[in-house]
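What follows is each chain in one-letter form.
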Amino acid sequence: MSAESLVAQLKHGLDAPICLTWELTYACNLACVHCLSSSGQRDPRELSTDEAKRVLDELHDLQVFYINIGGGEPMVRRDFFELVEYAIGRGIGVKFSTNGAYIDAEKARRLTALDYLDIQISLDGTDAATNDAVRGAGSYDTAIRAMDHLRDAGFVERNGPFKISVVVTRHNVDQLDEFKALADSYGAQLRITRLRPSGRGADTWHELHPTNAQQRQIYDWLMANGEQVLTGDSFFHLNALGDSLPGLNMCGAGRVVCLIDPIGDVYACPFVIHDEFKAGSVRDAGGFTEVWKHSALFTDLREPQSAGACASCGSWNACQGGCMAAKFFTGLPLDGPDPECVGGAADGALSQVDVALTPRPAMDHSKPVTLTRKLIPVAGN
Amino acid sequence: MTQVTDRVLDTPLELHPQVALRPEPFGALAYHYGNRRLVFLKHRDMVTVGRALADHPSLAATLEACGIAASRWPSFAKAFASLTTSEIVRER
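Protein chains in written order, with this note's numbering: chain A, 18 to 398; chain B, 233 to 324.
For reference, chain A alone in the conformation it holds in the complex (with noise of 0.2 Å):
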């Protein structure tokens, strides 16, 4: 079976995810200028551990291979690592996304200790000064500190490399090299992935994203090193360039993977936390599992989705129209081009937009805004 006819198959979705994005809770230490959830504060329906338990029950009985655990920052949650034992317990693997603050010497330990266990640090830049204008101050000292103690564990020889994991932008596509020479000097893995206009990123994706003279940036920078790192297979729109970049070309969202919020709702992918892509809660009559199997959404995303727009292009084929969550959040149509569309399609269309009439996500966790911060000198005063 050529790749081709495999993500044929693919688009008609899977008994169950191959892996699964659940955050586990909205409550975070940071506040991301491009959080896809708006974390912030916690929620006060999140699920109990005993839910959480039994989500993981289900999960085992799917045979889910692994899930990746975020947020906000998952080790907030006071059960974090009963629930961690608990999934790796019962067979589920775990990779899990954290800022590194609650990763100190012991807990790099106890990290290190548990069996099938995958860290992402998240790092916006190799300097202090691009990482915290994106992440917030002290949050680059932080993730560094995390990998430090990391590696004083030992982890990376035990476990295998931990990942520092990139949103790309504008301000940090300069570095991409250096990100690697990073993940080289601890013995850990790279993985970059594409900024989306999910959650806070609405609001920043303007100023962030990468200009398409980046984004051809990208593209060569993944075909000379793409084999070493990882990338979620989230640059699939680059693929008009050139020939594939390595993995899957195709959007999995409902098909081969979905999210699991911290109040149990599931979404199609971890960008779309919005009702028009809400597919159902784990807390319904039966569970996870019914709504993998037979929600309306999921049903209706498993069915061949029409080229639209893009149906007359001849990159069609390559790029499949991009992201469906980037296209929604910045107010296109979803069966047309994606906003960083490299043939420029989507660039007419989206100055057309009135952004603020663009959806907004479905909830704001977001922390309110405290009047405490620095003043800015004024020059002359």
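Simulated from the structure, these hints should not be mistaken for lab results.
Be a bit skeptical, because a hint or two may be false.
[Claimed, not checked] The calculated lysine-lysine pairs, modelled on DSS-like cross-linking and capped at a C-alpha distance of 30 Å, are: (1) B:Lys310 - A:Lys28; (2) A:Lys197 - A:Lys180; (3) B:Lys274 - A:Lys28; (4) A:Lys310 - B:Lys274.
Being a predicted model, the structure only gives us computed values, none of them experimental.
Starting from the structure of chain A, add chain B where the hints point.
Positioned in the frame of chain A, the structure of chain B alone reads:
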């Protein structure tokens, strides 16, 4: 058939103990919890054969026991040679 696939037919194999197989409409998924590799198997028969490997003295004997037609052996040999490389299957 190449030398490599010939050799794999004579080899006693087993699924790596850290590998899980999950049947799917297109065939099956194999996941290695140790190296975290995910591999797509393109036919359900790969699951039957994969799970029976440890009970027979060689891949060829396993194929025979599973009733796989001899005309399909070369493609199975090629597939299992590749699965050995990704450590989904190993020599015992």
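Practice prompt. Any hints from earlier that this structure breaks? Give me their numbers in increasing order, please.
Written response: Per hint list: zero violations.
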